[in-house]
Amino acid sequence: MILAGGRGERLYPLTRDRAKPAVPFGGIYRIIDFTLSNCIHSDIRRIFVLTQYKSTSLHRHIQFGWNIVSATLGEFIEAIPAQQRIDEHWYQGTADAIYQNIYTLQQERPDLVLILSGDHIYKMDYRKMIAYHIEKGADLTVGAIRMDRKLSQEFGVIEVDKEWRIIGFQEKPEIPKTIPEDPEGILASMGIYVFGTEILVRRLIEDARSESTHDFGRDIIPAMIGKDRIFAFDFRIGDQGESGYWRDVGTIDAYFEANMDLISVTPQLNLYDPQWPILTYQSPHPPAKTVLLEEGRVGTALNSIISNGCIISGGSVIRSILSPRVMVHSYAEVEDSILMEGVDVGRGARIRRSIIDKDVHIPQGMKIGYNLDEDVKRFTVTGSGIVVVPKGIRL
Amino acid sequence: MKKKILVVEDEEGLRLLYEEELKSEGYEVITARNGKEAIEKLEKEKPNLIILDIVMPVMDGMEALGKILGKDRKIPIILNTSYSGYQQDFMSWAADAYITKSPDLSELKNKVKELLERGRVL
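Protein sequences, first through last, are from chains A and B. Be aware that the first sequence starts at 26, since it is given in the numbering used here, and climbs by one per residue. Be aware that the second sequence starts at 2, since it is given in the numbering used here, and climbs by one per residue.
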């Protein structure tokens with residue numbers, strides 16, 4: 026069960042028209058592709074994606090891009106919108122989202138349920154976590170990543186004993202419980218849970234029938250501590266990237282940095298591992314192309330990711346990520362920027378440290394990212410000075 | 002004040018039987034013929050406990066159970082059915098008790114008493 030219903034408010038305006046899991050990432054991907062690819066490579070092929078807000082583009086992406094399993098073999102990747110079958114309101118928390126889909130779970134009656142977030146970017150073999158869950162005889166296993174204790178106020182912090190049995194859980198604590206053998210480290214919850222189905226359903230029902238925020242971290246885990254067998258699973262064991270890479274990309278700045286990591290010489294997140302390809306949907310565009318080699322008018326792309334369908338025609342692109350169908354015209358300059366699908370950079374325009382959302386046409390000679398005082402009058406500008414030009418804006 | 006019980010049952014004879022028997026125990030009894038009516042009565046009448054049949058026309062008890070809890074998460078609910086197989090349904094676990102219908106109503110009456118006195122046990 027992949028939770029894909031969060032609003033992603035801190036990613037606004039990238040989430041103005043789409044749910045956070047559907048936000049483009051790394052040129053050709055959507056954020057949810059990483060979690061779905063992990064599932065497929067972990068041989069998990071019975072997948073429900075629970076959506077609610079602004080889910081049209083997410084549904085379309087799953088329909089077009091992830092129609093890759095065999096219904097004949099009982100496999101499915103199915104996006105389920107909030108159906109309000111039980112309750113007439115939106116999902117109140119992560120646990121409520123699963124509880125509201127209890128009839129769906131009933132139809133499948135699996136032995137175990139793996140609950141994931143569609144918001145995170147990482148490569149993980151869930152089979153290792155499931156094997157650990159079974160070996161421990163656990164009722165619940167929670168994916169945990171080691172973090173510096175200074176970051177404790179951003180995460181749910183798991184307290185474990187020497188056997189990694191969970192004995193405490195703090196939500197964004199100021200003074201965190203540290204790892205037994207590492208006083209500077211904490212175990213942060215990754216929002217990844219393996220449950221025995223029966224215990225999951227029973228705890229969800231108990232939670233649904235009590236005063237609660239209906240959240241796995243805040244309510245379900247604390248209620249299970251001391252009562253059930255719950256263990257933490259070290260992400261290091263399941264990390265397929267072997268670099269400890271796991272990102273929430275919850276803010277525009279974090280999103281920008283995570284994208285920019287991809288254009289470094291050796292990115293922390295390796296997209297080139299043939300054992301663990303990231304799957305996605307791509308329209309059949311022609312290959313990327315650079316043209317013109319004249320005095321002062323050279324089409325170039327340096328230290329950049331250029332997707333299919335792009336044409337860089339007499340302009341320059343440096344340290345940037347271009348999604349499919351981006352057009353950069355003569356004498357234009359694009360630097361340290363993310364240009365999403367269908368963006369057109371007019372002749373002589375200059376873009377710096379900006380995110381340009383889908384299908385925006387930048388007129389000839391326009392400058393974005395060069396004078397933030399001007400930019401902030403029209404666009405979102407983040408704390409670190411990244412300009413975000415929203416989808417569909419007419420300039 | 003008398004405790005109010007909502008009996009949800011599509012079979013008229015049974016509905017009358019439960020109504021009479023529970024009234025004689027000193028409860029106020031209201032009835033509904035299916036899940037949809039039960040939800041309407043829940044909002045209007047604010048019962049203290051619900052006895053819910055499962056196999057009913059219009060809206061069955063299993064569907065109604067979720068919706069009832071969506072409106073009042075604390076109300077005690079007894080599933081009362083001729084079939085034991087519904088205990089396999091996850092949603093049935095959300096009820097406070099599961100009783101298989103029998104001509105002897107003592108189990109049902111005891112459970113009603115227990116739940117109303119002790120409050121919900123989960």
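Calculated from the structure, these hints are not laboratory results. Be aware that a few hints might be false.
[Claimed, not checked] Label pairs and their in silico Cβ distance ranges:
| # | chain 1 | residue 1 | chain 2 | residue 2 | range |
| --- | --- | --- | --- | --- | --- |
| 1 | B | L15 | A | Q132 | 42 to 50 Å |
| 2 | A | R70 | B | P58 | 53 to 61 Å |
| 3 | A | A279 | B | R74 | 44 to 52 Å |
| 4 | A | R110 | B | E115 | 48 to 56 Å |
| 5 | A | N92 | B | K45 | 44 to 52 Å |
| 6 | B | P58 | A | G417 | 24 to 32 Å |
| 7 | B | R74 | A | L137 | 26 to 34 Å |
| 8 | A | K197 | B | K24 | 37 to 45 Å |
| 9 | B | R74 | A | G210 | 44 to 52 Å |
| 10 | A | L176 | B | K114 | 18 to 26 Å |
| 11 | A | Q132 | B | K114 | 30 to 38 Å |
| 12 | B | P58 | A | Q178 | 38 to 46 Å |
| 13 | B | L17 | A | R70 | 48 to 56 Å |
[Unchecked claim] Lysine to aspartate or glutamate pairs mimicking EDC-like chemistry, simulated, CA-CA at most 20 Å apart:
| # | chain 1 | residue 1 | chain 2 | residue 2 |
| --- | --- | --- | --- | --- |
| 14 | B | K42 | A | D112 |
| 15 | B | K42 | A | E113 |
| 16 | B | K75 | A | D240 |
[Claimed, not checked] Here are some chain A residues the structure puts well away from chain B; computed CB gaps all over 10 Å:
| # | residue |
| --- | --- |
| 17 | N92 |
| 18 | R110 |
| 19 | D112 |
| 20 | Q131 |
| 21 | R227 |
| 22 | A233 |
| 23 | R234 |
| 24 | G269 |
| 25 | D286 |
| 26 | P311 |
| 27 | G373 |
Beta carbons: idealized from backbone N, C-alpha and C, even for Gly.
These are the hints, each one checked on the structure:
About 30 Å separates the C-beta atoms of B/L15 and A/Q132, a value inconsistent with the hinted range of 42 to 50 Å. As the Cβ distance of A/R70 to B/P58 is approximately 38 Å, the hint placing it in 53 to 61 Å is violated. Between A/A279 and B/R74 the CB atoms are about 36 Å apart, so this pair departs from the stated range of 44 to 52 Å. Roughly 30 Å separates the CB atoms of A/R110 and B/E115, a value that falls outside the hinted 48 to 56 Å.
Judged by the Cβ atoms, the range 44 to 52 Å given for A/N92 and B/K45 holds: they are separated by roughly 47 Å. For B/P58 and A/G417, the hinted distance range of 24 to 32 Å is not satisfied, since their beta carbons lie about 49 Å from each other. For the pair B/R74 and A/L137, the beta carbons lie near 27 Å from each other, so the given range of 26 to 34 Å is met. For A/K197 paired with B/K24, a C-beta distance near 54 Å fails the hint of 37 to 45 Å.
The hinted window of 44 to 52 Å between B/R74 and A/G210 is violated, with their beta carbons roughly 39 Å apart. Roughly 54 Å separates the CB atoms of A/L176 and B/K114, a value that falls outside the hinted 18 to 26 Å. The hint said 30 to 38 Å for the Cβ distance between A/Q132 and B/K114, and at roughly 36 Å that hint holds. Between B/P58 and A/Q178 the C-beta distance comes to about 55 Å, which lies outside the given range of 38 to 46 Å.
B/L17 and A/R70 have their C-beta atoms about 52 Å apart, which keeps the hinted 48 to 56 Å range intact. Using a Cα cut-off of 20 Å, the hinted pair B/K42 and A/D112 holds, with the two alpha carbons roughly 17 Å apart. Distance hint between B/K42 and A/E113 is fulfilled; the C-alpha atoms sit about 17 Å from each other, no more than 20 Å. Of the pairs offered as hints, the one joining B/K75 and A/D240 holds, with about 18 Å between alpha carbons and a cut-off of 20 Å not exceeded.
With a closest Cβ-Cβ approach of about 28 Å to chain B, A/N92 is found to remain outside the 10 Å limit, as its non-interface label requires. With 10 Å as the threshold on Cβ separation, the claim that A/R110 sits away from chain B is violated: the shortest Cβ distance comes to roughly 7 Å. Once the 10 Å rule is applied to beta carbons, A/D112 is inconsistent with being away from chain B; the minimum gap is 4 Å. With a least beta-carbon separation of about 5 Å from chain B, A/Q131 fails to lie farther than 10 Å from that chain, contradicting its non-interface assignment.
Not every Cβ of chain B is farther than 10 Å from the Cβ of A/R227; the closest lies at roughly 6 Å, contradicting the non-interface assignment. Taking the minimum C-beta to C-beta distance to chain B, about 6 Å, the non-interface status of A/A233 is violated against the 10 Å cut. In this structure A/R234 is not separated from chain B by more than 10 Å, as the shortest Cβ-Cβ distance comes to only about 5 Å. For A/G269, the shortest C-beta to C-beta distance to chain B comes to about 37 Å, beyond the 10 Å cut-off, and the non-interface label holds.
With a least beta-carbon separation of about 42 Å from chain B, A/D286 lies farther than 10 Å from that chain, consistent with its non-interface assignment. The beta carbon of A/P311 is kept farther than 10 Å from every beta carbon of chain B, the shortest such distance being approximately 50 Å. With 10 Å as the threshold on Cβ separation, the claim that A/G373 sits away from chain B holds: the shortest Cβ distance comes to roughly 59 Å.
Hint violations for this structure: numbers 1, 2, 3, 4, 6, 8, 9, 10, 12, 18, 19, 20, 21, 22, 23, all remaining hints satisfied.
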